[in-house]
Amino acid sequence: MKKGSLKIQETIMVMFVFIVIFFLVMIIFYRFTINSIKEEERNYKLERFNLMIEIIPNMPEFKCSELGKEIDCVDVLKLLGFKNLNNEYYNEMFKDKTIYFEEIYPEENGQECVSNYFNCGKFIIADNAEAGLRVSGPVVLYYANEDEYKIGKVVIQEEK
Amino acid sequence: MKKAQAEVFNWIFVIVIGAVVFLFFVGFAYKYKDLSEQRNDVRLLRSVDVMLEGLKSDNLYNEATGVKFKFNIEDGDLVIGDFYRSFNDKIIFGSEIDGNELKAWIKEFKMPYKITNFIFLSDDKTKYFFIGNEGETIKDLLPNENGIDRFDIEAISFVNEAIFENNEKARFIFFTNANGDELREALSKGEVVEIVNNKITYFDQNGDIIETFESFNDLLKIGAVFSNYRNFRYNYDAIKKQIKNMATLYKERTLLMKCNGAFISPTYLDDLYSLNFNTLNDLERQNQALRNQNCKTIY
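Sequence order for the protein chains is A and B.
Numbered by the working numbering, the letters in the first sequence go through residues 1 to 160 in order.
Numbered by the working numbering, the letters in the second sequence go through residues 1001 to 1299 in order.
Derived by calculation from the structure, the hints in this document are not laboratory data.
Do not rely on the hints blindly, as some may be mistaken.
The calculated lysine to any residue pairs, modelled on SDA-like cross-linking and capped at a C-alpha distance of 25 Å, are [unchecked claim]:
id	chain 1	residue 1	chain 2	residue 2
1	B	K1090	A	L67
2	B	K1114	A	A129
3	A	K83	B	I1243
4	B	K1110	B	D1089
5	B	K1090	A	A129
6	B	K1033	A	F23
7	B	K1241	B	T1279
8	B	K1251	A	L85
9	A	K122	B	M1257
10	A	K38	B	S1215
11	B	K1241	B	S1215
12	B	K1258	A	G121
13	A	K38	B	K1244
14	B	K1244	B	S1265
15	B	K1244	A	Y100
16	B	K1090	A	G121
17	B	K1241	A	S65
18	B	K1110	B	S1057
19	A	K63	B	K1241
20	B	K1251	A	G121
21	B	K1296	A	N116
22	B	K1244	A	M52
23	A	K63	B	A1289
24	B	K1241	A	V140
Only chain B is shown next, with the shape it has when bound in the complex (with noise of 0.2 Å):
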């Protein structure tokens, strides 16, 4: 071999093995990305569980910080990256979390013994417009420590007075009627809920409705304010579900068991089971009643 050859050879060997070395490095970098997010995920997921698990009293919030909070909440499962946790026993409400503080509230949820916990999730980074009067109610339902809101609340009478910067995310609701340029113009900064009758409406970006849910507690429109369309959905049905196994429980129960000798009848809490709410009343009637003759209460 020449050595002009020799130095050819040379130069091509080392590009040839640069190259594969270097592409080596760059696929093992990609790589070691992905390991180290899966790795976050798993810690993210740890850390936000501890935390929910935390609130086990009824109307505790709780404040976490520290980390950067990055994840979904699908069908009722915290969704971060490849790993997901479901939970038996409550029922979230929220939309994409991304903030460097997640905030959390619970309350027990009551069709009148109780049924589930709501836990509702929001970030720093997301700002709730209220709009109406009867935005002030629920406003007072939820958490506040010496009148300052937990959550980042504005009560406002258009839409164009919402102020919020451009890394934050807004959601309107609407406790009035929401329509023409107020409902575009919402759109066009945000997700937007309507509130209004008890009734709970959800728009696309169109401004074209895509549901309308009853609201039967106060509780489902503090649920909704959180959510979005697609996990209030879920949960809508989930409750749902839940109030008819809870009253096919108590049903259960209740004819098990004898007040005086005699039966009791479980009526109400068929009508429970029919989600027919207008005999709740009757049924705390019935169980202070039971209450009063010294018998067991239904619940």
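This is chain A alone, in the form it adopts within the complex (with noise of 0.2 Å):
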């Protein structure tokens, strides 16, 4: 093989090996950069998720009202009635989502609700996830008809 020929090929290995590297690394950065947002955006879902423990209390369709006037605690009565509503668009909204709101104080009973509130004290929104994200907080339970409160939870699980 003449000199010349020689110096081209290896040139041309140079200039591959150079070019892998190169491609390697490229790649590398891009696939970080691609984890990275999706690192941002389930740190995103997550938060929503977290704050589904405020939202969910606060929904028209389960807070407490007096005469139009809001007030901070969870409606019993609505929760019965609410599960009586099988209504499409609240499975759709919960579609992967448990929700219930259950009783701690002065009982606590695991017991499912379904028609009333006599022994029991769990009251089961939507049962759609069964493992994944859980998220609890306390809630006050008002129980309108012996107009007592109650110390309860809202439990949230949404599948991953």
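Put the complex together from the two separate chains, hints included.
As structure tokens, then:
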């Protein structure tokens, strides 16, 4: 092989290695950027999920009111009424979520309330998520017929 | 290989490799631009979301600045690039947002109990021209600080009085019948909606009516001020659906209640479910009567 040919081959090799390394660096950089965007999106979704703990008990569908003015509690009669809705709109809204309210004080009773609130303490709003993200927080449950307030919790689960 | 051949080969090699590297750089630049946009979209969505979630009490107004706000409101969702955000607990009125300032105002929608929250969105590049006297009534309902309107609203008598910059969008709200030359001139300058006698009418570019909606609440009129046809159409259906949902819910609740041993009639809630708003006052009276009898109220 002549010296000139050898030099050309050497140059090709150098260029080839350079380009391969260059491409690799770019691909890694690209993936890293994509991942960081996805991470940012995941964090945003997580933030939104955590916000649900504030949003759900404050929805007019569940929140207490007196002469049209909202009060900071969850109306048990509304929870029971909601169970009877079986509404497509809410089925779609909570399609990937499990949401329930549960009395924890003065009595804790995990029995599901269906048509009344006697001998039970759990009001299931939606039951569509087996596992995944979970958040819970305290709420005040109001029993209008007895004019009683009890302490409860709201639990929200969402499919990942 | 001769020296001359090697030289030619060298040049071809350099050009080919140069072209490959150049194309790669160009491709990468495009991809990177796309990625940067995606990142900005997520960040923008996040900041808009934070702002809207901050609007918790009735009648709050908020402004955000510092970034370029560019997004759409489509079928109740906030859409930024490939990302979107749905809102379950509020209904968003607005059109395309494109400006350096985002303006948001929240109002509780009650019929007569709370149905949902309405959020009205606008930017600093949209001017609202109110034509006709009833516009004053609607204008008075909108937020202002020390008499200065938070949204850019101007009352005019004729379309040719409307003055706005090239980079601004105009929305003409006719509170009188919009027809003839006035309508055509308004359509050539911006979007048009007519609000007359509790009817909200949208027009296409030719001046033909797209659809007329019955307005059963002043907040719907305000919604029409801010929304394009597509968004208003979607929201109108969503509101009616939500009124029906809440009427059913309150009816179910009422059926579980008793006042002095007697059941409470949910007739007026049935009317609401049928979107008959003529008995709203009766429902309010019934609610007040329950309170006077020391019973729990329906709502």
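Verification of the supplied hints:
| no. | hint | result |
| --- | --- | --- |
| 1 | K1090/B <-> L67/A | holds, 22 Å |
| 2 | K1114/B <-> A129/A | violated, 29 Å |
| 3 | K83/A <-> I1243/B | holds, 17 Å |
| 4 | K1110/B <-> D1089/B | holds, 14 Å |
| 5 | K1090/B <-> A129/A | holds, 24 Å |
| 6 | K1033/B <-> F23/A | holds, 18 Å |
| 7 | K1241/B <-> T1279/B | holds, 19 Å |
| 8 | K1251/B <-> L85/A | holds, 10 Å |
| 9 | K122/A <-> M1257/B | holds, 20 Å |
| 10 | K38/A <-> S1215/B | violated, 43 Å |
| 11 | K1241/B <-> S1215/B | holds, 15 Å |
| 12 | K1258/B <-> G121/A | holds, 21 Å |
| 13 | K38/A <-> K1244/B | violated, 39 Å |
| 14 | K1244/B <-> S1265/B | holds, 17 Å |
| 15 | K1244/B <-> Y100/A | holds, 23 Å |
| 16 | K1090/B <-> G121/A | violated, 29 Å |
| 17 | K1241/B <-> S65/A | holds, 21 Å |
| 18 | K1110/B <-> S1057/B | holds, 14 Å |
| 19 | K63/A <-> K1241/B | holds, 19 Å |
| 20 | K1251/B <-> G121/A | holds, 22 Å |
| 21 | K1296/B <-> N116/A | holds, 17 Å |
| 22 | K1244/B <-> M52/A | holds, 24 Å |
| 23 | K63/A <-> A1289/B | holds, 22 Å |
| 24 | K1241/B <-> V140/A | violated, 28 Å |
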